[in-house]
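**Q** Put together the whole structure using the sequences plus the hints.
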Amino acid sequence: MKARRMSRFSQIAIIASREAWEMSGLELNDDISKRTGVIAGAGLGSVESTDLFYEGLVRRGPHETNPMIFPETVQNIAAAHISIELGIKGPNTTFSQGDIAGESAVFYATGLLRKKTADAVIVCGVDELTAPLLLGLSSLKLLSVTDTLAPFDNKRDGIIPAEGAASVVIERAEDAGNRGANILGYINAFGTGSDSVGRFSYASPESMSLTIDSALNKAGISPDFISASANSTVELDRNEAIAIKSSLGRTVPVTAVKSQIGSFMASGVMKLTASLISIREGVIPPIFGLDDPEIPGLNYIMNQPVSADIDSCLINGFSHGGSKVCMIVTGSGREEKG
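Under this note's numbering, the residues of the sequence shown are numbered 1156 to 1493, in order.
In short, the hints are calculated from the structure, not lab data. Certain hints may be false.
[What the hints assert, rightly or not] 27 Å max Cα-Cα, derived DSSO-like pairs, lysine-lysine: (1) K1296 with K1310; (2) K1244 with K1189; (3) K1270 with K1400; (4) K1244 with K1271; (5) K1373 with K1310; (6) K1310 with K1271; (7) K1310 with K1189; (8) K1400 with K1373; (9) K1189 with K1157.
Owing to the predicted nature of the structure, the values given are computational and were not obtained by experimental measurement.
**A** Here's what the structure looks like:
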């Protein structure tokens, strides 16, 4: 399919995945193609394409809908396009799990590697921002009325939605080392779970803490900093701050990448890449907009980056509806636990 016929959702997913594949240094042949997977995390897919298709359906009837638009309305279209464009023939799966779509995709991809179902996996987190989506979020009263992102701050009043795509190539540590790959870091351990809450509510602090503790116990290390899930909503930020304090105390530095990139549901892959870059550069990014924390007593990185000797990060993923994925990543100087 020509790029001009693709949704922006598909276009940016392909671009990010092609760049990740080129950076990996892997050369594709028929054997590697069959042992390589594509796993995508996507919150809502191409809302723009879905809107256009159903607008035609309602106005002109089923016989006059545009058949070229329909493929872009399905949730797995980005993963399909990535596989076609790069010539990849292995496992292909898409996760649509709210705010943790990206983290869930990473979790599933590592399982494919550990079970030796695949030898390499492209993991892409992607979402697009459109007018219909903005209108929907506004009607649900989820948007910031002050157009201000301020995770953990008393003045926070809702999200500012965004769009983007981030992709990584994941391999087993031994395989990457044997071929002399430029390893950015290691995915060390996960904690997962869910809580019985309403559709637009988040897990309780106690439930979040259990998932954080699960990841920490499996990793067997204490993180050098935390990449929070906080997105400037009242409930999520409050519950996560309480959970962090319960699990890790007051000293571990806390940042929130969504204060800089906005909120999109598959941002977990972007949080992963940002954490690995932070470890490589020895810099913890700040939480923009945080001046007056609602929950005091945490080591928030406020408004200015901090240089630090860091080699591990806890990445929190908490979604409306109560789903949870937390992961521990380490820098290239420390191998995965397994």
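**Q** Work down the list of hints and note, for each, if the structure agrees.
**A** Results of checking the hints against the structure:
Using a Cα cut-off of 27 Å, the hinted pair K1296 and K1310 holds, with the two alpha carbons roughly 16 Å apart. For the hint linking K1244 to K1189, the alpha-carbon distance of about 5 Å falls within 27 Å, and the restraint holds. Restraint check for K1270 and K1400: not satisfied, since their Cα atoms lie roughly 35 Å apart, outside the 27 Å limit. For the suggested pair K1244 and K1271, the alpha carbons sit about 15 Å apart, so the restraint of at most 27 Å is met.
Of the pairs offered as hints, the one joining K1373 and K1310 is violated, with about 36 Å between alpha carbons and a cut-off of 27 Å exceeded. For the given pair, K1310 sits about 48 Å from K1271 by alpha-carbon distance, which is inconsistent with the 27 Å threshold. Between the alpha carbons of K1310 and K1189 the distance comes to roughly 51 Å, so the proposed pair goes past 27 Å and is violated. Under the criterion of a C-alpha separation no larger than 27 Å, the hint pairing K1400 with K1373 is consistent with the structure, at around 19 Å.
Between K1189 and K1157 the alpha-carbon distance is near 24 Å, which keeps this suggested pair within the 27 Å criterion.
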